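Chemist: Sequence:
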Amino acid sequence: MVEDSERLDTIFHALSDPTRRAMLNGLARGPCNVGDLAAPFDMSLAAASKHIKVLEKAGLVKRSVQGRTHVCSLDALPMHAGVEWMRHYEKFWNQQLDVLEALLVAEDRGEAKKQTETNTDAKKKGSKS
1 MVEDSERLDT
11 IFHALSDPTR
21 RAMLNGLARG
31 PCNVGDLAAP
41 FDMSLAAASK
51 HIKVLEKAGL
61 VKRSVQGRTH
71 VCSLDALPMH
81 AGVEWMRHYE
91 KFWNQQLDVL
101 EALLVAEDRG
111 EAKKQTETNT
121 DAKKKGSKS
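Residue numbers (this note's numbering): 1 to 129.
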């Protein structure tokens, strides 16, 4: 259980940074080298490499060396653990959203009823004049 918790922590930590999420988005289009992966960001190759190492530690990126070039590719499979963890709590979110929806519908019905009563009262007053 602790191992699963640590794995989830590592995955969510990797996904918590917008630069790393953008890198994953780029890798979703296909493998690329570290330089190309770092190019859209205002950072050094060393800084980009640190981000990539965090993604590698989470198992989200695989790096291969082709000569002097480091090529990164996406491995989205570890994200499944995060999705499953969130799916477990989805029923609680849905229950809360169902309660909210019921309250909003009841409120709308109450407002519609008030509006109908106001219109009826106005018509009665208008016909008496």
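Quick caveat, the hints were computed from the structure, so don't treat them as lab data.
Since this is a predicted model, take the numbers as computed values, not measurements.
Positions of the beta carbon are idealized from the N, C-alpha and C atoms, including for glycine.
Among the hints, erroneous ones may be present.
To be verified - Restraint-style ranges between C-beta atoms, simulated for each label pair: (1) 66 to 46: 32 to 38 Å; (2) 90 to 16: 27 to 33 Å; (3) 107 to 77: 43 to 49 Å.
Claimed, not checked - SDA-like mimics (lysine to any residue), calculated; alpha carbons at most 25 Å apart, straight line: (4) 62 to 21; (5) 57 to 7; (6) 53 to 25; (7) 91 to 5; (8) 57 to 76; (9) 62 to 81; (10) 62 to 44; (11) 62 to 91; (12) 50 to 68.
Chemist: Decide if the proposed pair is consistent with the structure: residue 62 and residue 44, CA atoms, cutoff 25 Å inclusive.
Modeler: The given pair, whose Cα atoms are some 20 Å apart, holds under the 25 Å limit.
Chemist: Would you mind confirming whether the straight-line C-alpha gap from residue 62 to residue 21 stays at or under 25 Å?
Modeler: Within the cut-off at roughly 15 Å; holds.
Chemist: Starting from the range 43 to 49 Å, see whether the pair residue 107 and residue 77 falls in it by beta-carbon distance.
Modeler: Given range 43 to 49 Å: holds, Cβ gap about 44 Å.
Chemist: Are the Cα atoms of residue 91 and residue 5 separated by 25 Å or less?
Modeler: Within the cut-off at roughly 21 Å; holds.
Chemist: Just to be careful, I want the Cα atoms of residue 57 and residue 7 compared with a cutoff of 25 Å; is the pair within it?
Modeler: This hinted pair holds, its Cα atoms lying about 9 Å apart.
Chemist: Decide if the proposed pair is consistent with the structure: residue 62 and residue 81, CA atoms, cutoff 25 Å inclusive.
Modeler: 18 Å, holds
Chemist: Please verify whether residue 53 and residue 25 have alpha carbons no more than 25 Å apart.
Modeler: Holds: residue 53 and residue 25 sit about 16 Å apart, inside 25 Å.
Chemist: For the pair supplied as a hint, residue 50 and residue 68, confirm whether the alpha-carbon distance does not exceed 25 Å.
Modeler: Holds: residue 50 and residue 68 sit about 18 Å apart, inside 25 Å.
Chemist: Is the hinted pair residue 62 and residue 91 satisfied, with a Cα-Cα distance of at most 25 Å?
Modeler: 34 Å, violated
Chemist: Take a look at whether the Cβ-Cβ distance between residue 66 and residue 46 falls inside 32 to 38 Å.
Modeler: 20 Å, violated
Chemist: Is 27 to 33 Å a correct range for the gap between the Cβ atoms of residue 90 and residue 16?
Modeler: Distance hint for residue 90, residue 16 is violated at roughly 20 Å.
Chemist: Residue 57 and residue 76: Cα distance at most 25 Å?
Modeler: Holds, at roughly 13 Å.
Hints 1, 2 and 11, counting from the list given before, are not met by this structure.
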